[in-house]
Structures are given as structure tokens and as C-alpha cells.
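J.: Residues per chain, in single letters:
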Amino acid sequence: MNIVADFLNSGIRLTTPILFAAIASLISARAGVLNLGIESKVLAGAFVGILVAAATGDNTLGVIAAALAGALIGLLMAAAHRIGVDLVILAIGLNILVLQLTVFLMRSYLGGVGTYAPGIDRIDAVEVPFLSDLPFASQLLDRLNPLVYLAFTLAILLGMYFRTRSGRHLLAVGEAPIAAAAAGLNVGRTQLLALVAAGAIAGIGGAFLSVGDLGFFTRNMSADRGWIGITAALLALNRPAFIVPAAAVFGFASAASIRLQAFDVPPNLTQFIPQGAAFVALVLVGLRAQSRGNVARLWRQSSRIRLRPRRSTRTSPKSENTPT
Amino acid sequence: MDRDSIERTLRRIGLPVAAAVVALAIGGVLVATLGQSPFAAAQTVIQAGFSCDPGYCNVGGSLTLAAPIILCALGAVVALRTGLFSIGQEGQYALGGLAAAVVGHGILLPAGIHPIVSLAAAAAVGAIWGLIPAVLKIFLGVNELIITIVLNAIAGLLVDFLVNYPLRAEASTVGYTHVVEETARLPLFDISTKFGLGFVIAIVAVIGVWFFLSRTTAGYEQRMSGEATLFARYSGMSSTGSVLRAGLLGGALAGIGGGVQVLGVNYRVIEGFSDGTGFTGLTAAILGGTTAIGAAIAGVLYAGITVGAVNGLQIVLGVPREIGSTVLALMIVLIALQAPLLTRLERWLDRRRANRRHDALAETTAGKEASA
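Respectively, the protein sequence lines represent chains R and X.
Position 88 of the first sequence, counted from 1, bears residue number 88 in my numbering, the numbering being contiguous throughout.
If you count the second sequence from 1, you need to add 324 to reach my numbering.
I should point out that these hints are in silico values taken from the structure, not numbers from a laboratory.
Hints are not guaranteed to be accurate.
Far from chain R, by Cβ distances over 12 Å, these chain X residues were calculated [stated by the list, open to error]: (1) Asp377; (2) Pro378; (3) Thr650.
Derived list of chain R stretches under chain X, where covered just means 3 residues or more per stretch with a C-beta under 8 Å from a C-beta of chain X [unchecked claim]: (4) 53-60; (5) 73-84; (6) 90-98; (7) 197-210; (8) 268-281.
A quick note: this is a predicted structure, and the numbers were derived from the prediction, not measured.
Each residue gets a CB set at the ideal place from its N, CA and C atoms; glycine is no exception.
With these hints in hand, go ahead and build the complete structure from the sequences.
T.: Shown next, in the form of C-alpha cells:
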């Protein structure tokens, strides 16, 4: 038993769902939408994924269904954003709704109180032709299924996408929606597509948890991974280049906490490191924004909760960050 | 009240109520698919959540559960109305509860003073945690909404760590602190449901927050710096001071919420104390239209439906208790969805009325010209 290979392996497997969630958060944030509903999309993906996989006996269909479930929530959020719904409140509501509804449905129809185990096979690990025979590498690549590789590929593809024409348009819509609209870009459609894509990616992240890695579904299976993904995207300063290391900091911190329990080190002590790093990163971004004008505009723009004007609706100025 | 304002009030109450009714209807359909009558289910929820027998008073249990939710909701109301969009009530609640448990166990004081000192500690710790996003927002321009997500996670981790290691009472699978001293506990009116002074504190806080925001100069400045930032600035109010006050006060209220839960119900902090009460409070504040009174009503409703779903539906009818929270979450989603529709409807009505007045005016002037 090679400890190093084992540690790396569990770190990669713990990083994968966080990476999916972080990519989803990054796409939404760069399109100018603060998407706090990632948690609900991950959980919905995990639930729908295993249901479809169990019903059809085909794990691939399960993953596709999970992506569709996440995309559907993304579509709902995009439609709500279009008519000016406060996305922060909607997202918090959706998170609670999916958490409670999945448990309700599981207890009502699937007979499980806390766990639903339909007895499906996990998605098979990828056999890398030459490496899988080597002692160290085989242990490293153990239980790494195609979804793991998909997550890391997506991170690279995202970095490339932001250099394409339509990627630049997405960034422009996020940074300055009014200018983008004036330049002839369709702000609403861009944000809609971004939210749908983010939902699908988060949904696949959920499918990785249920269909991909464990083969069963438990109550609150996402266990804050959506929120951690959002924090990881923040730690990466919403840049594709930093997204893999940022997600890995969280994933390997939990892998380390499992290891270190053997030495009586408090399990959640290691979790402070990534969370603290995210806090410091946010403060530093604030400092830099202070000295360099409006770098943090991107983050601020999307997150104004618009409380309903209380006295008169006639005099209320139209909020400038809801392009119509 | 003239006709217009009555109509407007009806619209503003009617649409959210309609959204809530739709949520209840969806919940009813879900119950019906399990072969239970939705009306019987509703009756059971109301009975189990809000009824009171001499033997066991259900409404007491609901109000006990409502107290920390209301206090967290008040914290959210104060912050949101001032324009500090903090969702950090969860972390403030958790740390406030821990502070109350530490002071309640570690210091020996006479009965009357001990709970006050413990709650003061909870308020102080909550206020400090609430001040962090306010300071970062004002002096560094950090987005308070995003930083409170991280602060919630850190607070949850901190509580779980402290409960498991430095403050752990005894060796067991789940970490928990020592039980607070008898002197620190809040007096109970009903032992079986633990209904006691906690709810009274919540109600006093509701009245206090309402009075502060609606009837005092400082509260007016708070609201104006949130609702009309430029007006507040031009008329010489300090929006910096208002936001800092909102952070302190909102944090203190949510911290007291944690303190009330520990000193009135749990008597200790168990691992996983940060269980979403702060988030529930935040949503109750939003459902209540970010007013103190509305938040209190929404908080009681929340607690009642939760208790009713657990004690009524699950135990009596065998319907999983999650249906209660599902319906509540549906209410949040649907009420969030109707808000912009209401604004649009009102704008349309206003425009129509303005057009009609304009036409009427044009007709009278045209008539005068014709007669002249």
C-alpha cells in the first residue's frame, strides 16, 4: 500500500465534484450572475442521476439525466433573472427545496430513510493502457472514472473558450452588460446559456457523487460541495487558470483530514486552510480594487439584492444591472 | 385611506398570499399521491403545530422553535434594510450559541444575572462576527454577500472544532460542550415543550427592532442609507456609521438567537449546531417583507409548519416530515418569483391611470376652447 499514491488518489476523487461546482460558479460569475444555487443543482444531479441509472441500467444515461436536471434548474434561474427576480433569494429557496424534496421523494417512493442504494455498478475506472500496469500509477489511477477526467478537461476547455470570440462576448456581458448590449450582444441570451451550462456541469458533479463514485444516494449528498465550489471559484479569483489548484486545495484538505485522523489531528482543522485562504483572497481583491478602481466590479454588480421599494413604485429608478 | 392605497395594499398582500396558496396546493398534490387526503393533512399540521391541550401544548413547542428563527430574521431585517446584504446570520447564530454555552458553564453567577451575562456574551460575539463584513465592505469594498458565505463556513468549522477539542465535555462519538449551569438557564413556563423566556425575548426584540427602525431618528437614518443612499449622503447622514451599526446590531440579534437556543432548549452545544437556523431566519425575514413584524409572523409560521409536519404528518399519517420544509421552500421560491411581477403590474396600472387622467384633462381643455 503506497500511502502517497493512495493520498493523491483520494485527493483527486474528492476534488472532482468541487471542481465541477467551481466551474459552474465561475461560468455564472463571469457572465455577471451571482449563482448561489449550485448546491441545489449538484444535489438534483445526484438524485436524478441515480434514479435514471437504476431505472435504465445505463450509467451514461444517468449522467446525461443529471446534466439535464441541473440545466433545468439553471433554465429556471435564467428565466427568473430575465423578469427581474432576486436570484439570491430564489437560489436560497431552491437549495432548501431540492434538499427537502429529494428526502421526501426518497422516503415516500424509494423506501429508504437516509440512503437509497439501488445496487447499480459504479462507473468503471478508466484503464490507461500502459500506466495501469505500473505499481504506483495503478494505485494512483484506481477508481478514477471518465467523469474525473471530464472535470479536469472542462477546466482546460473553459480557459480556451474564454479566448474564443463567443467566450470574449460572455466576459463582456459579465463585465459591462450595458456596454455589451450597446455593442449589439444579446445579454439576456448569453446569461441564459451560461446559467444552463453551469447547471448542467453542476448536475454532472452531482452524478459523479452518486452514480460515479459511490453507487448510492444519501440524504444531503452534496454536503455543502456547491458552496465550497463557489468559494473555490472565488479563491481562483474567477479565473480558469487557477480553478484546478483552487478546487484541489479544498479536495486535498479533506483528503488530508481523513489521513490525519489516524494521528489524532482534529478532522476539520485542515478545512480552515482553504476557507481561510478564500477569506484572505477576497480581502486582497478588495484591497486591490481599492487601489485600482473597479476590478471587483464584476462581483459587486451581480449581487445587489433589490429590496422592493417601500413607499412608492413610481419614483423607483430602474435597476441598471437588469438588462431587458 | 383613499381607494388607491387600499387597492395597493390588497395587491401587495394578495399576490404573496396567492403564491403561498399555490405552494400549499403543490404540497397537497404531493400528499395526495401518497394516498392521503390533503385536507386531512393540512388539518393535522395545524392541529399538531398550533393546538394546545392541557396535557401537551403543541403551540408551545412551535413558539420555542420560533424564538431563534425570529431573532435571526430580525438580524437579517436590520442588515438588509440598511443596505448591508449579509447572509451571515448562520455563522453569527452558531458562534453566539457557543459563547452562551461557554459563559453559561464557565462562570459562576447568581440566577438572575447569569442568563443576562451569557446572552450578553452571545450578543457580543455575534456582533463581532457581524461587524467583519460591514468593516470589509466599507473600508475595502469587499462584497459582503460573498464574504459572509466564507464567514459562515469558517464559523461552522470553528464551532465544530472547539466543541470537539478544547471545549469537549467527555469522550463520545459526537462532540459536545459541558451542560450550562442551572443558574444560566432561561426560566421555562412549560417543561414538556421547553416554552419559556426565550420566546418572550424574541418578541421584545421584535418590538425593539420595529420601534428602532420606524420610530427613531437613528432608525430612520439606517433605513435611508439603505433605501436612498444618495439622499442620505446629501442630507448629511453617515452611511458608514449606519452600515457599521447594522453589522453590529444584526450580528448581536442573530447571536442572541443562538444564545436563546442554548440557554433555553439545548443547554449545551453539540457538533453540527450550525444547522441552517440562520438561513431559515434569513428566508423568514424575506418572506415577511423585511419588516420586524412580518419576520415575526413568518418565523412563527415556519416553526408551526415544521413542528406540525414532524409531530402530525409523520407520526399520525405516516407522511415524511420533509413535506413541511418542502412546502415552505416552495413558498420562498414562488414569493421570490411574484415580486417582479407585482412591480410590473403596479407600473402598468400607474401608467394606465396617468394616461386616463391625461385624456380627461385634454377633454376638458378641448371643451373649454370649443365653448370659447
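J.: All hints, please: hold or fail.
T.: Now for the hints, and whether the structure bears them out:
No beta-carbon of chain R comes within 12 Å of the beta-carbon of X/Asp377; the shortest separation is about 28 Å. Even its closest Cβ contact with chain R, about 33 Å, leaves X/Pro378 beyond 12 Å, as expected for a residue assigned away from the interface. The Cβ of X/Thr650 sits about 4 Å from the closest Cβ of chain R, inside the 12 Å cut-off, so the non-interface label is violated. A stretch counts as covered by a chain when three or more of its residues have a beta carbon under 8 Å from one of that chain; for the segment 53-60 of chain R and chain X the count is 0, and the coverage is violated.
Check result for the segment 73-84 of chain R against chain X: holds, 3 residues qualifying (beta carbon to beta carbon below 8 Å, three or more required). Beta-carbon proximity to chain X at under 8 Å applies to 6 residues in the segment 90-98 of chain R; the threshold of 3 is reached and the given coverage holds. Only residues whose beta carbon comes within less than 8 Å of a beta carbon in chain X count, and the segment 197-210 of chain R has 0; fewer than three means the coverage is violated. Counting residues of the segment 268-281 of chain R whose CB lies closer than 8 Å to any CB of chain X gives 8, so the stated coverage by that chain holds, three being the minimum.
In summary, the numbered hints that this structure violates are 3, 4 and 7.
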